Amino acid sequence: MLKIFIIILPLFVVFEYVQRRGVLDWLGGQLGGNFHAQRFKKDSIFPLLAGLCFGIGYEAGMLLDETRLERIEGKPTFLVAVYLGICHVVFEDTLLFVAIGASGLLLLIPRLVAASKVVYLLGFLPSQFYAKIRG
Amino acid sequence: MNVSYKTTGPTSFCLTEFVPAGFRRGLITFGMLSKIMVPVFVVVYLLKQTPFFDQIASFFRPYMGILGRPGDVALAMVVGSLVNLYSAIAVLAPLELSWQLTVASIFLGVFHSHLMEGAIMYKMKTRFLTIALLRLAVGFLLTWGMKLSLL
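Sequences listed follow chains A and B, in order. Everything in the first sequence is counted per the numbering used here, starting at 1 for the first residue and increasing by one. Everything in the second sequence is counted per the numbering used here, starting at 1 for the first residue and increasing by one.
Read the hints as simulated data drawn from the structure, not as lab findings. Computed from a prediction, not measured in an experiment: that's the story for all the values here. Be aware that a few hints might be false.
Using 30 angstroms as the maximum straight-line C-alpha spacing, the simulated DSSO-like pairs for lysine-lysine come out as follows [claimed, not checked]:
#  : chain 1 : residue 1 : chain 2 : residue 2
1  : A       : LYS3      : B       : LYS48
2  : A       : LYS3      : B       : LYS147
3  : B       : LYS48     : B       : LYS123
4  : A       : LYS3      : B       : LYS125
5  : A       : LYS117    : B       : LYS123
6  : A       : LYS117    : B       : LYS48
7  : A       : LYS117    : B       : LYS147
8  : B       : LYS147    : B       : LYS35
9  : B       : LYS35     : A       : LYS117
10 : B       : LYS48     : B       : LYS125
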């Protein structure tokens, strides 16, 4: 828990700055092709990157905060949750398995590809569907 | 510039403005997270003292052959998918697998720590069961594909 506390405070300070600066608009444009930014909505990109690097706890924390402030709603939250469900903490997890002798690239690339494809396919479902399944 | 920020008034880039604001959001979020994570930590710790995980593993052991893995991996998969990857690796490390290790770990990489992550997802108000099923399906697909390509 201490580790989470130490990571989450600076993360939120950076997040705050990045949101105020409007970096997310720029980042959303840059990553548009890869992360399907149109479906993810720009405010969910930073939580997504945090989740990819640090873990689902931090990412979920940022999404919790975003949903608390009502900036992002059902569909982007669900899509980000699916993406990160399949593919998160990619560096630490992969290194753990490489440490006991698995092949790193074979673990990393299929996960990234699978997550992108699943989210891409789910993105075709209409927003009303997401309003329904929102718990 | 897009000023979509709507909680603390006008947008400011001053250090004394955004640092405390970010800290406050971080603290609120940390509070929300600890309300979920601490109880789950306690439950997982208590379950580890009982033979609960061994029993689930012995149920799944005969089916491991379908995915091209020896039966011993069952315990690692059950512990990994419920508790976390560290405990799964503690089980996997002494087994001396070769290519099967990569196959087992791609499944674990996609499908793991569901007690903790399910609780977090529940708090996020997304359907954690839907996501868990999706992850299971993707995990099996990847495992199956990797088994075919590595064999």
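- Query: Are the Cα positions of B:LYS35 and A:LYS117 separated by 30 angstroms at most?
  - Reply: With Cα atoms ~33 angstroms apart, B:LYS35 and A:LYS117 exceed 30 angstroms; violated.
- A:LYS3 and B:LYS147: Cα distance at most 30 angstroms? Violated, at about 36 angstroms.
- Hinted pair B:LYS48 and B:LYS125, Cα distance within 30 angstroms: Holds, because 28 angstroms separates the two Cα atoms, which is no more than 30 angstroms.
- Message: What's the verdict on A:LYS3 and B:LYS125, does the C-alpha distance respect the 30 angstroms limit or exceed it?
- Response: This hinted pair holds, its Cα atoms lying about 25 angstroms apart.
- If you draw a straight line from the CA of A:LYS117 to the CA of B:LYS147, is it 30 angstroms or shorter? The hint holds at about 20 angstroms.
- Query: Does B:LYS48 pair with B:LYS123 here, judged by a C-alpha cut-off of 30 angstroms?
  - Reply: Distance ~24 angstroms between B:LYS48 and B:LYS123 Cα, so the pair holds.
- Query: Within 30 angstroms, alpha carbon to alpha carbon, are A:LYS117 and B:LYS123?
  - Reply: The hint holds at about 26 angstroms.
- Task: Below or equal to 30 angstroms on CA atoms is what counts here, so check A:LYS117 against B:LYS48.
- Result: 36 angstroms, violated
- Task: Take the C-alpha atoms of B:LYS147 and B:LYS35, compute the straight-line distance between them, and say whether it is at most 30 angstroms.
- Result: This hinted pair is violated, its Cα atoms lying about 40 angstroms apart.
- Is the Cα-Cα distance between A:LYS3 and B:LYS48 30 angstroms or less? 23 angstroms, holds
In terms of the numbered hints stated before, the structure departs from hints 2, 6, 8 and 9, listed from lowest to highest.
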